[in-house]
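Participant: So the chains spell out like this:
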Amino acid sequence: MRAAQRTAELSNLQFSLLLALPVLVFLLLVVAYPLGYALWMSLHEISFFGGYKAVFVGVEHFADVIGDRKFKKSLWVTVRFTLESVALAMVAGLLIALVLNRKMRFAGLVRTIVILPWCISLYGTGVIFSYLAKGQTGIGTAIAYALGIEEAVNVVNKQWVIEVLAVGNAWNMAPLVAFFLLANLKTIPSRLYDLAAIDRMSRLETFLNVTLPPLRFTLFVFTCITTVLSMKLFDFIFVLSGGGPGTASATLTYRIYKESFKDLDLGYGAAMSFMLLALILGTTLILYGLWGRREARSI
Amino acid sequence: MSRIQIDRLHKTFHRHVAVRDLDLTIENGELLVLLGPSGCGKTTTLNCIAGLETPTSGRVLFDDEDVTAASPHQRNIAMVFQSSLLYPHMTARQNIRTSLAKQKLDRAETDRRISEASSILGIEALLDKLPSQLSGGERQRVATAKAIVRQPTAFLLDEPLAALDAALRLTLRAELVNLQKRLGTTMIVVTHDQVEAMTMGDRIAVMNDGRLEQIGTPDEIYNRPATLFVAGFVGSPPMNLIEGEIVTQDGRTRFVSRDLTFEPKLAAGDAGPATLGIRPQHLHIHAEGRNGAVPVTVFAVEHLGRESVVILEDGGRNKLHALVEPGFAGRVGDRLHAAPDPTHCLLFDRAGSVLSHAAAE
Ligand SMILES: Nc1ncnc2c1ncn2[C@@H]1O[C@H](COP(=O)(O)OP(=O)(O)OP(=O)(O)O)[C@@H](O)[C@H]1O
Ligand SMILES: [Mg+2]
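Chain order of the listed sequences is A and B.
Residue numbering for the first sequence is 0 to 298, as defined by numbering that gives the first Met the number 0.
Residue numbering for the second sequence is 0 to 360, as defined by numbering that gives the first Met the number 0.
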């Protein structure tokens, strides 16, 4: 009788699988299906003119992508944009968090204002920054006028457009970073600063020994998050620079969009998007291997 | 090594007074114990000495030099914080080492000091653990080691033994006193354990409600308490306190309570409500009633091995403690009589100040 009862019960694994079933089905539909479809496309030459046709070409697209000069240029643009965005967002986020952690009046109001950039959609951020950066309406021009220079300053040029994009992107992401860091800062017992004073630590030593350690894991996590977000960023770039001038700000996402939906080479675009996926996975894995593993162990 | 003077120190937190008008001098090389109930301002006083809090008013002097405005850096204090504070991401050894970072010692000397301090506190085996891997008592010992590796102006120890078991406490108490005497460095130890205070301190400063109640040697604090608070706070089992009144009649002054009349040697003019204090060892138990004895019933008997404590209840349901021989045969409910030894009685006036030191005469 006991044995009969036992067989009627589910094992822990079965039970958890049962509970997870709806999610698994959902994930299958929204992740696996598109991913599989994209893989299928990347292995085919798809044409629309003269009727829809899909011809199997094997890994030819992948080989082409690797040899594509425009792809290499876009890869470099993405890397440069990502490095700048992440560095700016993390440093700005840390500084904002340190400032917000100070005792001040109207702290709640200040926090509300500071988080606002994060609440603005990337599309909106793109519009704002294009007004701020372009010659006719930009702050560059305003400053030049104030200094008596009668010439419009357009920073959305071949030389600086990536920096403009990185600043806008960081402006959008930094508040989120700041808030997570602030949450960590709030957990530091104030008596630890007293201990540092008794140990006669300098301000820098205090920062390194008291303030920084509890932030390190969050810093790692957000370096990963902002890296991924920057690499796959599209709408903001689309609105602000449209990949230009020329192809000066054509990141991988922009190029994938152009290949797939403007030039309608869906197979080639799909192959390129797998390259982007590999880049994102590779970067985060390297980050984890070099940095994250150590931080995860220390918490 | 320093003489520390606290001159009319006053500290308020948003109108809440933590320390009021505290005057205190700690002599060079002295071990002073700050004793008082929770919340009486002990930690605040230490923080002001260390420079971690700025006094609302008053001064702190080291060797007659005003350091009130000096930073902790300039004061060179070693401190054990009440919560056995350590840097969470550093091992015990690294924590101890940070104390020496500013002392410009060579590696060998640093290591020697660390191993000496850890052997005093018995934490050699724990040196490579993180604070989160240590028990409360172990953390506290590491924090103490972190303080004693230094050669500071003064040691400030805020309840350094509170989290330890009784046996370890006993050993470390002696170790700390021995170390302090060997180094001759001024030390202030905070505790609310009065046994610790009595055994460790050259002098004890008893604080209550932000005020200094009395400062003196353990003997003075115990035998000649200046206030009712000190009398009640120091000593275990606590001193018996009997409420009554001082009346002057026919030129004679007497203390009269519900069940007791007692004639102290007092100057006239002290008439009014008063409290009689008598230590448990000076409350004698008799089977028969007699003059100057309170009729009592036995409430409980506690055997401590070397002696026993009888808790008695008088007619007003007040509890009285008496120390008796271990062979005491009384049972709960027995009716007995308790007679205070008149030569050891203390009298306190309504405000709590002592009126007589019968014991001292
Ligand atoms: N930072 C602070 N802000 C407000 N009030 C404080 C602060 N620090 C201490 N107090 C108050 O000051 C009083 C004295 O505190 P303190 O920490 O000196 O007590 P203590 O004697 O060390 O007590 P304990 O034995 O419990 O450690 C307490 O009533 C406490 O509530
Ligand atoms: Mg305290």
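None of these hints come from the bench; they were simulated from the model.
Fair warning: this is a prediction, and the values are worked out from it, not measured in the lab.
Incorrect hints may have been included.
Partial list, computed: chain B residues near chain A (C-beta under 8 angstroms) [as the list claims (entries may be wrong)]:
| hint | residue |
| --- | --- |
| 1 | L51 |
| 2 | T53 |
| 3 | I76 |
| 4 | S82 |
| 5 | S98 |
| 6 | L104 |
| 7 | L171 |
| 8 | R172 |
Only pairs whose alpha carbons sit at most 25 angstroms apart, straight line, appear in this in silico SDA-like list of lysine to any residue [claimed, not checked]:
| hint | chain 1 | residue 1 | chain 2 | residue 2 |
| --- | --- | --- | --- | --- |
| 9 | A | K231 | A | V98 |
| 10 | A | K102 | B | T55 |
| 11 | B | K103 | A | R199 |
| 12 | B | K101 | A | I187 |
| 13 | B | K101 | B | V16 |
| 14 | B | K128 | A | I187 |
| 15 | A | K71 | A | A277 |
| 16 | A | K72 | A | D234 |
| 17 | B | K180 | B | E108 |
| 18 | A | K102 | B | E108 |
| 19 | A | K71 | A | D264 |
| 20 | B | K101 | A | M200 |
| 21 | A | K185 | B | P130 |
| 22 | A | K71 | A | L207 |
| 23 | A | K185 | B | H88 |
| 24 | B | K128 | A | A277 |
| 25 | A | K102 | B | P130 |
| 26 | B | K103 | A | D264 |
Note that the Cβ used here is the ideal one computed from N, Cα and C, for glycine as well.
Participant: Indicate, hint by hint, whether the structure satisfies it.
Facilitator: Hint by hint, here is what the structure shows:
no.	hint	in the structure
1	L51	holds (5 angstroms)
2	T53	violated (13 angstroms)
3	I76	holds (6 angstroms)
4	S82	holds (7 angstroms)
5	S98	holds (6 angstroms)
6	L104	violated (14 angstroms)
7	L171	violated (21 angstroms)
8	R172	violated (23 angstroms)
9	A:K231 to A:V98	violated (30 angstroms)
10	A:K102 to B:T55	holds (20 angstroms)
11	B:K103 to A:R199	holds (13 angstroms)
12	B:K101 to A:I187	holds (24 angstroms)
13	B:K101 to B:V16	violated (35 angstroms)
14	B:K128 to A:I187	holds (20 angstroms)
15	A:K71 to A:A277	holds (14 angstroms)
16	A:K72 to A:D234	holds (20 angstroms)
17	B:K180 to B:E108	holds (22 angstroms)
18	A:K102 to B:E108	violated (42 angstroms)
19	A:K71 to A:D264	holds (18 angstroms)
20	B:K101 to A:M200	holds (8 angstroms)
21	A:K185 to B:P130	holds (20 angstroms)
22	A:K71 to A:L207	violated (39 angstroms)
23	A:K185 to B:H88	holds (17 angstroms)
24	B:K128 to A:A277	violated (40 angstroms)
25	A:K102 to B:P130	violated (29 angstroms)
26	B:K103 to A:D264	violated (69 angstroms)
The structure is inconsistent with the numbered hints 2, 6, 7, 8, 9, 13, 18, 22, 24, 25, 26, although it conforms to all the rest.
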